[in-house]
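Undergrad: These are the residues of each chain, in order.
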Amino acid sequence: MGKQTWKERIPAFASVLGLLVLIAAYYIVGAVRDANVAYGLKAIVNQSVVVALVATGAVFIYTLGSFDISLGAATGVSALLGAMAYNATGSLVIMFLVCVGVAVVLGFINSSLASVFNLPIFVTTVAMMSVLSAFMLILIGWNGAGDTVKVKARDVRPLDNIPFKVFILVSYIALCWFIFTLLPTGREAKFIGGSPVCARLSGINEKKLGIIASLISAVGIGLGAFLTIIYAPTLTKDTASSIGMDVIIAIVFGGMPVSGGPRSRILSAVVGAFSMGFMTQIMSMLNLGSGYGQMIKAAIFLLVVFIALGSQRGKLLTR
Amino acid sequence: MEPILTVRSMDKSFGATVALRQVDLDVWPGEIRGLIGENGSGKSTLTSIIAGIQKADAGEIRFHGQPWHPASMIDALNHGIGMIVQETGTIPGITVAENLFLGESDRFRSSLGLVSRRAMEREARKALDVIHADHIRPGTPAAMLDLQERKLVEVAKVMVKKPEILVVDETTTALSQKGRELLYQLMESLKKEGKAVIFISHDLDEIKQVCDTLTVLRDGRIITHFSRENYDDDAIKTSMIGREMQGDYYRADSEPSWQEQVLLKADRLTGSGLHDVSLEVRAGEILGIGGLSECGMHTLGKALFGSAMLTGGTVETGGKAYSDPGHATALGVGYVSKERDTESLCQQASIRDNIAIGGLKHIQMKKLILKKRETAYVQKQVDALSIKCRHMEQPVSAMSGGNKQKVVFGKWLGAGSRVLILDCPTRGVDIGVKQSMYQLITKMKNEGRAVLIISEEMAELIGMCDRLLVMKDGAVQKEFLRGQMREAEIIRYMI
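Going down the list, the sequences are from chains U and W. For the first sequence, my numbering assigns the number 4 to the initial residue and increments by one for each residue that follows. For the second sequence, my numbering assigns the number 607 to the initial residue and increments by one for each residue that follows.
The shape of chain U in the complex, shown without the other chains:
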């Protein structure tokens, strides 16, 4: 039996190649424009790391063929409660534990409701999004100063550095990669996403996988919430509100079908998140207005998805 040819493998790496091209373009444009690329890189990491964390965990849910619309609200609530815990105790460790713990509890509630009521996870997350958004307003009303909940910036400044953020991200990606690739969880999740009926008749427990996926995703949400406080210690009702959409774009941009299934990959999330970050910086260096920038982004987005899906197009025998 032969092996996959390079031509057959290329679509799987199209998004990584895309990221490399964007990195090269970033340095070229930076050199031409005489921009401060080091400062720009720091901005890219700061912008991308939270999306990458949340998206990496969300890959487990997307792989199942489902999606979580409450990611942003869950990140916001976790960050708010984490910040309030810090303000009450003055401990960064407790803030970290509360961020992750709250996210895990929310993930567990989501998936348990889905399991008990036999609903797709997506459905419970729709309800959860409304509840959490309202909860954020209540929390800010109870404990905030005006419309915000603040942590003193100088208290978190020691952690507001790139090596720490990259360490958190790499550690979490490594954990997710380990679970996704080396344990049965990833294989089984891919099967559920590809064919729920076949998965069930192959002995895979869909409900159990749903709960596991939600919990893993919740850890990413908790870490994202923690880094959100570190980077922007003044929290409002809009904190992390765009994360849900950013995660979808990052995952698709990273070459993973949003319908999940066998072609899902952990690295899609981080590749997609950083591709978006580099693209935004390139547009900024080129002084492209947001209108042109959005259009160019959209065109590149379509191109990457087109190439990534190329492996499935026109290659199928009729039977």
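The hints are all genuine.
Only part of the chain U face toward chain W is listed, based on derived beta-carbon distances under 8 angstroms:
1) Arg190
2) Val200
3) Cys201
Pairs of lysine-lysine, BS3-like flavour, derived with a Cα cap of 25 angstroms:
4) W:Lys973 / U:Lys211
5) U:Lys211 / W:Lys972
6) U:Lys6 / W:Lys994
7) W:Lys926 / U:Lys210
8) W:Lys801 / W:Lys732
9) W:Lys967 / U:Lys210
10) U:Lys6 / W:Lys986
11) U:Lys6 / W:Lys978
12) U:Lys211 / W:Lys967
13) W:Lys732 / W:Lys767
14) U:Lys210 / W:Lys973
15) W:Lys977 / U:Lys6
In short, the hints are calculated from the structure, not lab data. Treat the numbers as computed from the prediction; the structure is a model and nothing was measured. Idealized CB from N, CA, C, for every residue including glycine.
Take the given structure of chain U and dock chain W to it, following the hints.
TA: Quick look at chain W alone, frame taken from chain U:
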């Protein structure tokens, strides 16, 4: 007389796989032309090009002497060539009527621009009546129909267009005897009207009975043609597989045999159309379940795997009861569904993923799945079952029916299942693969596994089983032992 359809020098490749090479074919008015060949020989590729599903790389097709370049399957159907495809061709989320008139809803628009569902369903009723499918309601969602009913909807969808050429691609495997006879009548009526039928089947007896001429394909080439007066089983088989068939087709022994140990026991299963069904399958036994398509045997297969909704009864293996597929799998029970493409395989996934998913616990080393071990595990199944593929990363959707079925077998055999429930295990596979599957099932028996075959093919049940339970109306009517199975008597209990 001129041929109604001519194909000349047709080539078609899918990546590195050559599907058709220099194919020439003539189809004549008033002819039922059989196409036969092993899985992957090119039959479906050839007919799908004729029916506008895909394009040839090279060659020429003429229909009524004119160049034939249909833009799509619907275009081909509207211009005289319709095809009933091998796999499911209906959309589950819409109604029967909407399936029948897919892309033609404008026909049913009122002056206000609204689609009249009533008018559409009225026309659908007429189309279904033409093929005598009176029991199918036009307003029913296609997802609620069983495999046979969905096939009949596809037949109606094609027949309503009154095609000049009807292509039937292994459709009869999804139909009961009644459904088959209905289709044969339609084919005969087309023939009498001077139209033509291209008929693909792996059932040699059926193809000999139905077809006037027979064309054999192998490895994408036309090998030979047979006319009805020259039909010869051995010659046809030899030309199909390129060699004489070696060894026994079914089991060689004629006496029933099994070991003492009961590996699968069902007690008073009731619900989902089953009534008080009890059975035991012992180690080293092949138990057959036969009956008409709607007798409940397919539900029984699911119930024995813990995946049917029952109101009563228990299933156990090795003394341990189970009621869901996860538990059944963990206890060493495997299930091959009749609906291979939707229930037994994940089409988008690779051969590797589909085989490995059943045996993850065997692949794991200290709880970890290492790629090297996984590759070796999958390779072992691919070699043992002679699965034809370019590499194990190939998606199963790109494989022929027989090879897909081998992948399903590989999933459960690799998992070390001691009990195998096989629902129509040879549906849509060619004669060569069938033989190798029968040999494999015999090997499973000799290894002491318990095998349960649910089948609508009487010859298969008689040829392979130690015991046969005949079902009717959800209940077991009669038990036959190997050596005592007589077709006429079995049929008496079926109907």
